[in-house]
Structures are given as structure tokens and as C-alpha cells.
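> Protein sequences appear in the order of chains A and B.
Mapping of the first sequence onto the numbering used here: residues 22 to 137, in sequence order.
Mapping of the second sequence onto the numbering used here: residues 9 to 119, in sequence order.
Keep in mind that the hints were calculated from the coordinates and are not lab data.
Be aware that a few hints might be false.
[Claimed, not checked] Derived coverage of chain A by chain B (criterion: at least 3 residues anywhere in the stretch with Cβ under 8 angstroms from a Cβ of chain B; other residues may be distant): (1) 58-66; (2) 126-135.
[What the hints assert, rightly or not] Which residues of chain A face chain B? A few of them, derived with a C-beta cut under 8 angstroms, are: (3) R43; (4) F55; (5) F111; (6) N123.
Note that beta-carbon positions come from the ideal geometry of N, C-alpha and C, so glycine has one too.
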Amino acid sequence: AQSVTQPDIHITVSEGASLELRCNYSYGATPYLFWYVQSPGQGLQLLLKYFSGDTLVQGIKGFEAEFKRSQSSFNLRKPSVHWSDAAEYFCAVVPSGRGGGNKLTFGTGTQLKVEL
Amino acid sequence: ETGVTQSPTHLIKTRGQQVTLRCSSQSGHNTVSWYQQALGQGPQFIFQYYREEENGRGNFPPRFSGLQFPNYSSELNVNALELDDSALYLCASSNMNTEAFFGQGTRLTVV
């Protein structure tokens with residue numbers, strides 16, 4: 022069965038600093054990959070997705086992620102963090118060919134705190 | 009284009025009771041998936057409905073059941089509630105080959 026690992030449970034960065042959130046997946050073939058963000062008590066908002074093609078994908082709010090097949094990773098990055106980025110971030114996968122947003126397997130999340 | 013809406017936003021039930029949660033899918037979407045998110049955890053897939061038929065189920069007991077209606081809205085029903093059912097329940101709508109869009113969730117507390 023596929024699994025998603027987000028090694029960092031909590032991360033604290035200073036406003037204006039760069040950010041990288043790690044995500045590794047375990048699956049036999051390259052899945053579809055997603056990053057979602059969740060503010061406290063809220064639903065999930067899609068930041069970006071990778072289906073195929075260019076391995077560097079751009080998302081909303083200035084986020085980007087790079088798919089590295091050799092490392093089974095899909096790390097999320099942002100060059101300069103804003104205080105409003107404080108939230109929980111989830112990496113998710115779905116088997117390719119099964120449909121883009123269906124039957125997602127999520128990681129346990131990384132809680133981002135931004136220091137002013 | 010309307011987004012995914014869920015109702016109610018919060019709910020308190022007693023152990024052993026039954027609950028129904030509702031989800032209106034985003035306009036143009038024909039697939040609805042339900043997820044359970046326990047406190048401090050990532051969402052866990054419960055089941056999915058595609059064109060009114062169940063299309064996959066996660067590791068949840070039969071007391072979790074659902075429906076999808078002709079307008080693609082959906083219900084999640086949970087019977088014989090247990091304390092561990094306390095969670096945020098998320099609905100996501102999509103088409104079969106597009107990304108999922110989530111509602112704001114229903115916070116269920118079982119006491």
C-alpha cells in the first residue's frame with residue numbers, strides 16, 4: 022500500500038526566511054502528488070499538484086514543489102515566508118491513472134509556525 | 009461557480025446515536041469523497057461516490073455509510089457512534105481525472 026511520510030512534525034521559521042517542507046512517498050509507480058494547506062479548524066486548500074511533465078511545479082501563494090523520482094520526494098518550498106503562511110501543510114498522493122483527486126493518501130502533516 | 013459546502017459545521021452527539029453529514033459538491037463535479045481527520049492527524053479516506061455508486065472504500069467499518077444523489081450532493085451516515093468517531097469530517101469533490109476540492113468540514117464531537 023502506498024504511504025506518505027512528512028518527517029517534520031513542526032517547523033518554525035522567521036518571517037522572510039526561506040522554507041522547505043519535506044515529503045517522501047512509497048509507491049510502486051510514480052503517483053500523482055499534491056500539497057494542501059489547512060488553517061486551524063478549516064478545510065484543505067490545494068497549493069499545487071504534480072501529474073506529469075516538468076518536475077518543478079508552481080502553485081498558489083508563491084509556493085513551488087519539486088518532484089524527484091530518484092528520491093521519491095516532493096518537497097514544498099517558498100523563498101520568503103509571510104506570517105500568514107502559518108498553518109498545517111499536508112502532502113498527499115493518489116495512484117496515477119486512477120484520477121487526480123480521488124482516494125488520496127495523506128501524510129501526517131507539518132505544522133508551520135512563523136516568527137515575526 | 010460554487011465551492012464545496014458542508015453542513016452542519018459543528019455537531020455534538022451522544023455515544024450510540026446516529027449522525028448524518030451533508031455535502032454539496034462543486035458545480036460540474038461528479039465525484040465526492042469523504043475523509044475523517046482526527047485531531048493532530050492527516051485525513052483518512054472513508055469512501056468515494058461516483059455517479060451515485062460507491063467507488064472505493066477505506067478501512068472503515070460498515071456503520072459508516074453514504075449516499076450520492078442525482079445532483080451529485082452526498083451524505084455520510086455514521087451509526088452507533090463511538091467516542092473515537094470524534095473528528096473533522098471532510099468532503100471533497102472532483103471529477104475522475106481532476107484534483108479534489110475540499111469543503112470546510114464538519115466537526116463532530118461524540119460524548
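> Look at each hint and say if it fits the structure.
Hints versus structure:
no.	hint	result
1	58-66	holds (count 5)
2	126-135	holds (count 5)
3	R43	violated, 15 angstroms
4	F55	holds, 7 angstroms
5	F111	holds, 6 angstroms
6	N123	holds, 6 angstroms
Figure legend: structure checked against the earlier numbered hints; the only hint not met is number 3.
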